[in-house]
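All chains should be built: construct the whole structure from the sequences, respecting the hints.
Residues 188 to 616 (the working numbering) make up the sequence shown, in order.
Watch out, some of these pointers could steer you wrong.
Unchecked claim - Pairwise CB distance ranges (calculated):
1) 341 x 391: 27 to 33 angstroms
2) 436 x 549: 57 to 63 angstroms
3) 504 x 423: 51 to 57 angstroms
4) 530 x 429: 27 to 33 angstroms
5) 427 x 406: 30 to 36 angstroms
6) 429 x 463: 34 to 40 angstroms
7) 475 x 586: 16 to 22 angstroms
8) 391 x 294: 41 to 47 angstroms
9) 412 x 528: 43 to 49 angstroms
10) 528 x 594: 30 to 36 angstroms
11) 475 x 560: 43 to 49 angstroms
The set of hints was computed from the structure by calculation and includes no laboratory data.
Backbone N, C-alpha and C define an ideal beta-carbon position, used for all residues, glycine too.
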Amino acid sequence: MLSNTPLLTYFSGDMVSPFRIGSTVDPRRLSVNDSFHDVENNIRRAVARLNELWDQVHMPESSRYTQCSKENWLFNLFVNFLRVTRVTTAFKHISKLLCDMVASEEDMVLAVATDIENGLPRINKMRSQLGMEQWRNNVAPPGSIQLVSLKSIEEEIKNLRPLYEMRQKEQNDLIDQLNQIAVRLGFEEETAIIENEDELLPIERVRALDARRLELECMLQKRIQQVKSWKKDIEKYLLKVGGSGLEEDPNLRTVLQVDFEKEEICLSEAMMNTIEEYHDRFHEMYREHVQENEFRWLELYTKLSELWEACHIADIERVIPSCYDPDKHSEKDFLRISTEITRLESLYAARKEVFEVLTTWKEKWAEKIALEEKRKNADYFQNRGRENNVFLDAKIERTLNEYTLPKLMKKLIVVYESHRQSHPDDNFK
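Dropping the structure here:
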């Protein structure tokens, strides 16, 4: 049976409101309870308005039609059924709304609890990977699911993220550098791989990788300097022995053209061995070439020195060095020596008589100077051993001064004048 009580009585003042504030309610929640009163009043007003609307269409309650005919009673029963149906539907909507609100808030609380439960291990994991102490949430007791606890966790994650991301970038850069150097050295098997790029490697592992990077970088720089030195030597060797090897060997041409400091160039052990083989091969050719040229130079210089002496060339004019320098001398220098030898040979042949007398005079003059230097020694006149025969030395010197040197000088003048008469075009002084 349908109740005779109007729908509004369900929300009358005699009912105990679930939103009513008790004497024990925390004052800090008064604002929330005020909102509850607002909701209760809104529901009351809505139900009152529904009753007004139903009254306007003459949808009476059953208590108003107890004294009526059978036909009217059936009609009123039908009308009352419609009204009860609407009341039931209204309360279903309100109940569903409240249930949905409760379910939503339950999901919210569960999500907060889940975020707190997942956030704490995440913070401690990040701090552990960063080398920090474990974190304690001082704003809420352990196990609390208060929003302030979640906010504190989110703030800590926000504070840790910049440092964490910076360490991640440094770690990834280190791995990239290490892998790049390893590939350039031909150590592909040593390339480092991170299983989870979102996590930080242990500090000890990072230090080990950085030490390995420095080691490989040092090895790479040594190889670069070594191969540049080999390349420079090979270019010098080819310049001396001839560059025919470039045309015959395209690999050698590639070695000489490549810039080994470029990042894409691999300097593996096999590559280093290949370049070293080229270096050793051309170095041996260069060494043989230098030995041959040293021997040629020595032969030419020996002959040139004899002609310098025979032709009495002044020391200041003897500008050709005695030793062959592969870095300075070329075939032009050999040609220069040969040309000078030919010139001096012709000169000596034309002035032979004069040069021979002049050579003899210089030798005797050197003997005279040697005797004079001998007498300058303080022990010369006291130590009269076999090497210091004073009387013999005096006799020899007197002979040189009074006879030998004057006679040679006269002869030199005669042959010189004779040469000038026979060779008027020779500017011999």
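Structure-based check of all given hints:
A C-beta distance of roughly 31 angstroms is found between residue 341 and residue 391, which places it inside the suggested range of 27 to 33 angstroms. The given range of 57 to 63 angstroms is respected by residue 436 and residue 549, whose C-beta atoms sit roughly 58 angstroms from each other. Distance hint check: the CB atoms of residue 504 and residue 423 are about 32 angstroms apart, inconsistent with the given range 51 to 57 angstroms. A beta carbon spacing of about 30 angstroms between residue 530 and residue 429 agrees with the range 27 to 33 angstroms that was offered as a hint.
Between residue 427 and residue 406, the C-beta spacing of about 32 angstroms keeps the proposed range 30 to 36 angstroms intact. In this structure the hint that residue 429 and residue 463 lie 34 to 40 angstroms apart at CB is violated, the actual value being about 21 angstroms. The hinted range of 16 to 22 angstroms is not satisfied by residue 475 and residue 586, whose Cβ atoms lie roughly 56 angstroms apart. Under the hint 41 to 47 angstroms, the C-beta atoms of residue 391 and residue 294, about 43 angstroms apart, fit the expected range.
Taking the beta carbon of each, residue 412 and residue 528 are about 44 angstroms apart, inside 43 to 49 angstroms as hinted. A hinted range of 30 to 36 angstroms for the beta carbons of residue 528 and residue 594 is consistent with their spacing of about 33 angstroms. At roughly 48 angstroms, the beta carbons of residue 475 and residue 560 sit within the given window of 43 to 49 angstroms.
Of the hints listed earlier, those the structure fails to meet are numbers 3, 6, 7, in rising order.
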